[in-house]
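> Assemble the whole structure, with the sequences as input and the hints as a guide.
Taken in sequence, the protein lines are chains A and B. The C-terminal position of the first sequence is numbered 594 in this note's numbering, with every residue numbered one higher than the one before it. The C-terminal position of the second sequence is numbered 594 in this note's numbering, with every residue numbered one higher than the one before it.
No lab work stands behind these hints, which were simulated from the structure alone. Treat the hints with care, since some could be wrong.
No copy labels: a pair is met if it fits in one copy or bridges any two.
Capping the alpha-carbon separation at 30 Å, the derived lysine-lysine pairs in DSS-like fashion look like this [to be verified]:
no.: 1; residue 1: K282; residue 2: K524
no.: 2; residue 1: K453; residue 2: K289
no.: 3; residue 1: K217; residue 2: K431
no.: 4; residue 1: K217; residue 2: K553
no.: 5; residue 1: K317; residue 2: K444
no.: 6; residue 1: K357; residue 2: K553
no.: 7; residue 1: K215; residue 2: K553
no.: 8; residue 1: K289; residue 2: K551
no.: 9; residue 1: K477; residue 2: K317
no.: 10; residue 1: K249; residue 2: K524
no.: 11; residue 1: K282; residue 2: K249
Letter by letter, the chains look like this.
Number of protein chains: 2
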Amino acid sequence: MNYIEGGVCAAKGFSANGLNCGINPDKNKNDLCMVYSDVLCNTAAVYTQNKVKGSPIVVTKRNLALSKGKSQAVIANSKNANTANADGEQKAMKMCELTAKVLGIKPEQVIVASTGVIGEVLPIEPIEKSIRVLADGLSYSGNAEAVNAIMTTDTVPKEVAVQFMLDGKLCTIGGMAKGSGMIHPNMATTLNFITTDVAITCEMLQKALSETVITTYNCLTVDGDTSTNDMISVMANGLADNKTIACENENYTVFKTALHDVLEKLTIMLAKDGEGATKLIECTCSGAKDLSTAITVAKSVVRSPLVKSGIFGSDANWGRILCAIGYAEADFDINKVNVDVSSSAGEIVACRNGLVVEFSEEKAKEILSQDEIYIHINLHDGDSSAKAWGCDLTYDYVRINGDYRS
Amino acid sequence: MNYIEGGVCAAKGFSANGLNCGINPDKNKNDLCMVYSDVLCNTAAVYTQNKVKGSPIVVTKRNLALSKGKSQAVIANSKNANTANADGEQKAMKMCELTAKVLGIKPEQVIVASTGVIGEVLPIEPIEKSIRVLADGLSYSGNAEAVNAIMTTDTVPKEVAVQFMLDGKLCTIGGMAKGSGMIHPNMATTLNFITTDVAITCEMLQKALSETVITTYNCLTVDGDTSTNDMISVMANGLADNKTIACENENYTVFKTALHDVLEKLTIMLAKDGEGATKLIECTCSGAKDLSTAITVAKSVVRSPLVKSGIFGSDANWGRILCAIGYAEADFDINKVNVDVSSSAGEIVACRNGLVVEFSEEKAKEILSQDEIYIHINLHDGDSSAKAWGCDLTYDYVRINGDYRS
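Here it is as structure tokens:
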């Protein structure tokens, strides 16, 4: 697996662009982007499980049903979620129509997404006025402009791309994502647009995506809030010219491994850039009797506000980790649980057999003072393991969210 | 129902005391308390559901099983949770033995509780040295000394007592509680000691307690962390001389209503004094098809870090409330949901039929700037309703928990 630049434009035939159309009064920040494939793509998507579904989610789902999973473009805006508004669906459909018109494709071949404040009416005029300029500026190196447009409280753009071989053909998967608050498991967290030139059927693409999100995006938690607008879409245009993947063969396994890599990398970037975060927390739960138990325990720890704020303060309060393991809704024997904590400064034994062990405060402080903290839990109850990612809880999280709208 | 002073000493025959025995180096803060009843009490208790159970929880459970629900004293310390230590049970049993000896009762008639840091060995010597002085100082007006001893990050003591008549006899229920972080539903949140002079069987007392916690303590959430040591105990000594309540008669209903009042008052005090809190948030969900749905939805809103930090900043981000309703794991039609928000400064319509409605920013800001915020949700799907309580998420929560141990 070879990592390259290019994000959402890394795969063959994908161009992108972004600009400020005026939804965001800050003219230096893009608020609208377009991604386009030279040819029609097989498409898979996973959506938020929140009962309140953003209007773009509703429209995208309907589009992909109508087009039988064929898409050719993405249109996405930030600063306004176009959700919980009476005219939301109408506006989201209008965004698709405008995009389809300038690109000469059908409206149902457009994936539409919005992120930002919920419950404020989306002004459609700025999009209408800018759509032509946006399309005219599509470029095979436009990924940076595009990713800038989906950032909200994100402090860094999140892009990744990998290359690998299938049937002797060079294949690429690239993508971009936005965070960074309102992120929690059990849904297709945040906005994520993945593009690939691999030839694969809609069915196998959806299977690969659905299986991969379980151990990547759905293991990410920043604040326990499950957003209304979150979505991952994968567009596969087949331009790599491999033999179309249509069953669970060896090529499918290679593709799925690459997709997992891309999604895991983006997940870690999202965790690290959680609102106000100063530290990444990665929790691995091994020795679980099944995957679901491993995921539940690992997530419980990275979600705990007490663990998160303790790690912010580099406070070696192992009892809080044990406590969060203990209230995870999973079945295991707490008296067999071991916990170790590590970082680039070393590793320390925290708990053995469900009991906190004595440790050097000095060493613990040094380990916890690094910016990537790894918590290792062993349940000693089986062979399954899983990782979950989160970040520390800081003053800045409160500052950002005490006044997000303004 | 008549509210009176006296807390845990308000009911006939209950004395209490508290002192600093040295577990807490701050000599101005009590860290050990005793509550004593002149006669043996029928006892009910509810415990944490965390798999990591504090050693005092294990020992209290065993004691009440051995004594067939009879207790006569409480011994409790703060600053150290005596949990996740190899010698925890031994130490908790020792606390009961020491208490029993100075009071001339049996060890299994003692309720033991500890709160504080998890995973640090509890020094027993300070307790051993002070137990005689503690018992000698028991007083029918010792409630203030006792409640001071169970406070940790609490900023105010939490006591309540009510009086009512049964069979022409004056009856009293009193209690004390401690918060204020690591508080979350689905368990007997925090340390709570309730005393009453009502005559009631163990069975009916447990029934009343178990039913009442569902709509009081279990509807409280400060940070979503379910602690290891939390417990509510109710001791009933029968000195009010009413006819012993032994079935669900009218007197049972009066008693249960009074118990509910006491627990609800303490719950609200705990929410208001949540770690770092500047505002109480009370969320009422009505129009639910059943109680469980109402509780789930109300809790989901008061638990949301985004709702909590938004209210801290007096930010009228109704979309976040709607979002938290939407991810509650309950069955209802989001398109029928109405939300109103109120405080002492007035009431404002936030959502109608699942959509955010236009509102005056100025009025919303004024309403949200008060220190008690009420969120009213109507699901329009039935006749059940429930309340949940929480607090805002502030810089101080992060400060307190970034460095709790030191």
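> Each hint needs a verdict: does it hold in this structure or not?
Evaluation of the provided hints:
no. : hint         : result
1   : K282 to K524 : between (57 Å within a copy, 26 Å between copies)
2   : K453 to K289 : neither (35 Å within a copy, 62 Å between copies)
3   : K217 to K431 : neither (41 Å within a copy, 74 Å between copies)
4   : K217 to K553 : between (39 Å within a copy, 28 Å between copies)
5   : K317 to K444 : neither (40 Å within a copy, 65 Å between copies)
6   : K357 to K553 : neither (49 Å within a copy, 60 Å between copies)
7   : K215 to K553 : between (43 Å within a copy, 28 Å between copies)
8   : K289 to K551 : neither (62 Å within a copy, 43 Å between copies)
9   : K477 to K317 : neither (56 Å within a copy, 47 Å between copies)
10  : K249 to K524 : between (45 Å within a copy, 22 Å between copies)
11  : K282 to K249 : within (15 Å within a copy, 63 Å between copies)
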